[in-house]
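Enquirer: Everything in the sequence shown is counted per our numbering, starting at 430 for the first residue and increasing by one.
I should point out that these hints are in silico values taken from the structure, not numbers from a laboratory.
Please read all numbers here as calculations on a predicted model, not as lab measurements.
Just so it is clear, CB atoms sit at the ideal spot from N, CA and C, and this is done for glycine as well.
One or more hints might be untrue.
As the list claims (entries may be wrong) - Restraint-style ranges between C-beta atoms, simulated for each label pair:
{"hint": "1", "residue 1": "D543", "residue 2": "S599", "range": "24 to 34 Å"}
{"hint": "2", "residue 1": "Q595", "residue 2": "Q489", "range": "26 to 36 Å"}
{"hint": "3", "residue 1": "Q595", "residue 2": "A542", "range": "28 to 38 Å"}
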Amino acid sequence: MIRGLDGVLARIEQLQTYLDSGQRGDLPAAGVPASFSAVLSETVRGDGPAAPASGKPFAQLIQQAAARYGVDPRLVTEVISAESDFNPRSVSRAGARGLMQLMPENCREYNVADPFDPAQNIDGGVRHLKDMLNQFGRLDLALAAYNAGPGAVRRYGGIPPYRETQAYVSRIQERLGQ
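Could you build all of it, start to finish, from the sequences and the hints given here?
Expert: Listed below in structure tokens is the structure:
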């Protein structure tokens, strides 16, 4: 078993050398600007071209979707942080998936074929968040609806009395300075 980042990088370098040797015809050895291990190393350190300017993963996808749907990118970033801690493979006990923890019905509604694909998940999640903002007209209620579902917000006439949802809304609003 490979241990630690250095071991992983060494193994990647070995694989890159093997592929570059031309022993496999399906992967071109020429025209690759940098070895995969170098890009990975820069990304992990956060000093390479693959590191987003904001220091947060998926910053470009967040910016694009936020601009497309008119949602504050800081809000999207905080929702992703709260929902999955930026883990695109995250799955909740309730079945929510990906960065923005989309439920299967949300995936169908927003045409997200692969909830583990960051671009699809962020796009669908931002559209859902925008819909919650439009439906409820207030950030706190939109966040509660995103977390607990719009039915729960309607049923309770506000933020549901769920400890998780109340902490979720409070934490995100606090981080946004609201």
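Enquirer: To test your reading of the hints: which numbers does this structure violate?
Expert: Going through the list in order, the structure violates no hint and respects every one.
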